[in-house]
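Peer 1: Read off the chains here:
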Amino acid sequence: MSLLKYANPVKFLALSGRVQPFAWAAAAIGIAVGLGWGFFATPDDFRQGSTVKIIYIHVPSAWIAINAWIMMLVASVIWLVRRHHVSALAARAAAPVGLVMTVIGLLTGAIWGQPMWGTWWAWDPRLTSFLILFLFYLGYIALWEAVDDPDTAADLTSVLCLVGSVFALLSRYAVLFWSQGLHQGASLSLDKEENISDVFWLPLVVSIGGFTLLFIALVLYRTGTEIALRRARALSLRLDRSV
Amino acid sequence: MIALLIRDLRLALRAGGGFGLGLAFFLILTVLVPFSVGPQSALLSTIAPGILWLGALLACLLSLDRLLALDFEDGTLDVLATAPLPLEAALAVKALAHWVTTGLPLVLASPFLGVLLNLPQQGFGWLVISLLLGTPALSMIGTFGAALTVGIKRGGLLMSLLVLPLYVPTLIFGAEAARRGAIGMAVETPLLLLAGISLGAVALLPFAAASALRMTIR
Numbered sequence: 001m002s003l004l005k006y007a008n009p010v011k012f013l014a015l016s017g018r019v020q021p022f023a024w025a026a027a028a029i030g031i032a033v034g035l036g037w038g039f040f041a042t043p044d045d046f047r048q049g050s051t052v053k054i055i056y057i058h059v060p061s062a063w064i065a066i067n068a069w070i071m072m073l074v075a076s077v078i079w080l081v082r083r084h085h086v087s088a089l090a091a092r093a094a095a096p097v098g099l100v101m102t103v104i105g106l107l108t109g110a111i112w113g114q115p116m117w118g119t120w121w122a123w124d125p126r127l128t129s130f131l132i133l134f135l136f137y138l139g140y141i142a143l144w145e146a147v148d149d150p151d152t153a154a155d156l157t158s159v160l161c162l163v164g165s166v167f168a169l170l171s172r173y174a175v176l177f178w179s180q181g182l183h184q185g186a187s188l189s190l191d192k193e194e195n196i197s198d199v200f201w202l203p204l205v206v207s208i209g210g211f212t213l214l215f216i217a218l219v220l221y222r223t224g225t226e227i228a229l230r231r232a233r234a235l236s237l238r239l240d241r242s243v
Numbered sequence: 001m002i003a004l005l006i007r008d009l010r011l012a013l014r015a016g017g018g019f020g021l022g023l024a025f026f027l028i029l030t031v032l033v034p035f036s037v038g039p040q041s042a043l044l045s046t047i048a049p050g051i052l053w054l055g056a057l058l059a060c061l062l063s064l065d066r067l068l069a070l071d072f073e074d075g076t077l078d079v080l081a082t083a084p085l086p087l088e089a090a091l092a093v094k095a096l097a098h099w100v101t102t103g104l105p106l107v108l109a110s111p112f113l114g115v116l117l118n119l120p121q122q123g124f125g126w127l128v129i130s131l132l133l134g135t136p137a138l139s140m141i142g143t144f145g146a147a148l149t150v151g152i153k154r155g156g157l158l159m160s161l162l163v164l165p166l167y168v169p170t171l172i173f174g175a176e177a178a179r180r181g182a183i184g185m186a187v188e189t190p191l192l193l194l195a196g197i198s199l200g201a202v203a204l205l206p207f208a209a210a211s212a213l214r215m216t217i218r
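So the protein lines, in turn, are chains A and B.
Under the working numbering, the first residue of the first sequence carries the number 1, and numbering increases by one thereafter.
Under the working numbering, the first residue of the second sequence carries the number 1, and numbering increases by one thereafter.
Just to be clear, a hint being listed does not mean it is correct.
In silico negatives: residues of chain B with every beta carbon more than 12 Å from chain A [to be verified]:
1. M1
2. A3
3. L11
4. L23
5. F25
6. S36
7. A42
8. L44
9. Q121
10. F124
11. G145
12. G155
13. L158
14. M159
15. L204
16. M215
Examples of chain B residues toward chain A, derived with CB under 8 Å [stated by the list, open to error]:
17. L5
18. I152
19. G156
20. P169
Hints were generated in silico from the structure; no laboratory data involved.
All values derive from a computational prediction rather than experimental measurement.
Even glycine gets a Cβ: it sits at the ideal position worked out from N, Cα and C.
All chains should be modelled from the sequences, with the hints used to inform the complete structure.
Peer 2: Put into structure tokens, the structure is as follows:
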């Protein structure tokens, strides 16, 4: 029994078909509860007023944006080592979701920053690293689109993902060195000292859980689509050959 | 390896255009900056280190698509891939040749362009040192980008999209070192970090570039 059993597309699709309805439902419930609770049932912050409520979208999308890249990194390594096609396709499927989440994180951050910091954008380390992450997603997706042969594309994007991860991490520390921060520190770290108040914390965790489930459901769905596309391609190639 | 280096250098020198092109681009970019921001000398001397670093970086980028594309088209890369010399070493040599023909001239030209941008007196030495330490990383990262995109038709623009984010840490530390040098601050920290990036890139990226290249020409 290992997770790699699901490298077989048939087994993967069967499992993903069974899991997906639950994932979608749980994601919908989690997001509805998290956002509803956050928007309507939490008090206003005493300094920020009701603008603080955008946190229930901002933090989860940022969380997904980073973890989607980590998931792509793991999937890329599995593809390079074990050559399981489902793994490469899952990495491909996750990239646009991560890109959209990065954009949502940046946009909600700008909307939040305008009234609070008095500016849409500041060259703060966190903001800057997110912008760089956005560029990495763009390059990754563009490379997938540019290469015709699917296996070569999977190989090249996997190498890019590996090298890109190292450089993304380097950039993260480089921008810390380069500019002073405006963004607040960690909101959810395990040492409770710097965390936000429990009133805000609980709905935020529910919302993050909902977004994570949504990400899982989306990736499963999109991987299924990629597998179907790959099969259609194989079939049309075979058709061309037989004619 | 030395034969390959000499061959690449000779090709770059005799093919015309490739050698001086990056340098000319660097010059033109530097000349255009005062037109776009105005000729105030105080402003220019503030932004000079950053502009010169950015110009050097873009000039490096400009010459990257020639790095492997010509060898890919005429089959030299296939020969190199099956040669007894490891492909990693061949790519490291190609990066070295790119640095000698592009990076080194940029380093040597940068003080003269610094005069145009009114770079403060104390900044010249640090600008040259930071470029000297940083351009090898630019060449090596660029070789990796070229290896990724060599099999793609019209891959030049895509390569810029892939390579420029990878240039971010080098640019930050390099420009920071040059900026601090220009205003008389301590420069050791960014210079050491910059040297670290260069050494790391030269040590590790040939392997990544070679594996990417093998995937393309397999």
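Peer 1: With reference to the structure, classify each hint as holding or not holding.
Peer 2: Against the structure, the hints:
A cut-off of 12 Å between C-beta atoms confirms that B/M1 is not in contact with chain A; the least separation is 24 Å. At roughly 28 Å from the closest C-beta of chain A, the C-beta of B/A3 stays outside 12 Å, upholding its exclusion from the interface. Separation of B/L11 from chain A is adequate, the least Cβ-Cβ distance of about 26 Å exceeding the 12 Å criterion. Every CB of chain A is more than 12 Å from the CB of B/L23 (nearest about 27 Å), matching its label as outside the interface.
Its beta-carbon lying about 23 Å from the closest one in chain A, B/F25 satisfies the requirement of being farther than 12 Å from that chain. The Cβ of B/S36 lies farther than 12 Å from every Cβ of chain A, with a closest approach of about 20 Å, so its non-interface assignment holds. With a least CB separation of 22 Å from chain A, B/A42 remains clear of the 12 Å interface cut-off, as annotated. The Cβ of B/L44 lies farther than 12 Å from every Cβ of chain A, with a closest approach of about 21 Å, so its non-interface assignment holds.
At roughly 25 Å, the least C-beta separation between B/Q121 and chain A is larger than 12 Å, which holds for a residue marked as non-interface. Residue-level check passed: B/F124 sits 23 Å from the nearest beta carbon of chain A, beyond 12 Å. The beta carbon of B/G145 is not kept farther than 12 Å from every beta carbon of chain A, the shortest such distance being approximately 9 Å. A Cβ of chain A approaches the Cβ of B/G155 within 12 Å, the least distance being about 7 Å, so the stated non-interface status is violated.
The beta carbon of B/L158 sits about 5 Å from the closest Cβ of chain A, which is not more than 12 Å, so the claim that it is off the interface is violated. For B/M159, the requirement that its beta carbon stay farther than 12 Å from each beta carbon of chain A is not met, with the minimum near 10 Å. Non-interface status of B/L204 relative to chain A is broken: a Cβ of that chain comes within 12 Å, the nearest being about 8 Å off. Chain A draws B/M215 into its interface by the beta-carbon criterion, the shortest separation being 4 Å against a cut-off of 12 Å.
With its C-beta approaching chain A no nearer than about 25 Å, B/L5 sits outside the 8 Å limit, and its interface hint is violated. Given hint, B/I152 at the interface with chain A, holds; its Cβ is 5 Å from that chain's nearest Cβ, closer than 8 Å. Violation of the interface hint for B/G156 is found here, the shortest Cβ-Cβ separation to chain A being roughly 11 Å, above the 8 Å cut-off. Interface hint status for B/P169: upheld, as the beta-carbon distance to the closest one in chain A is roughly 4 Å, under 8 Å.
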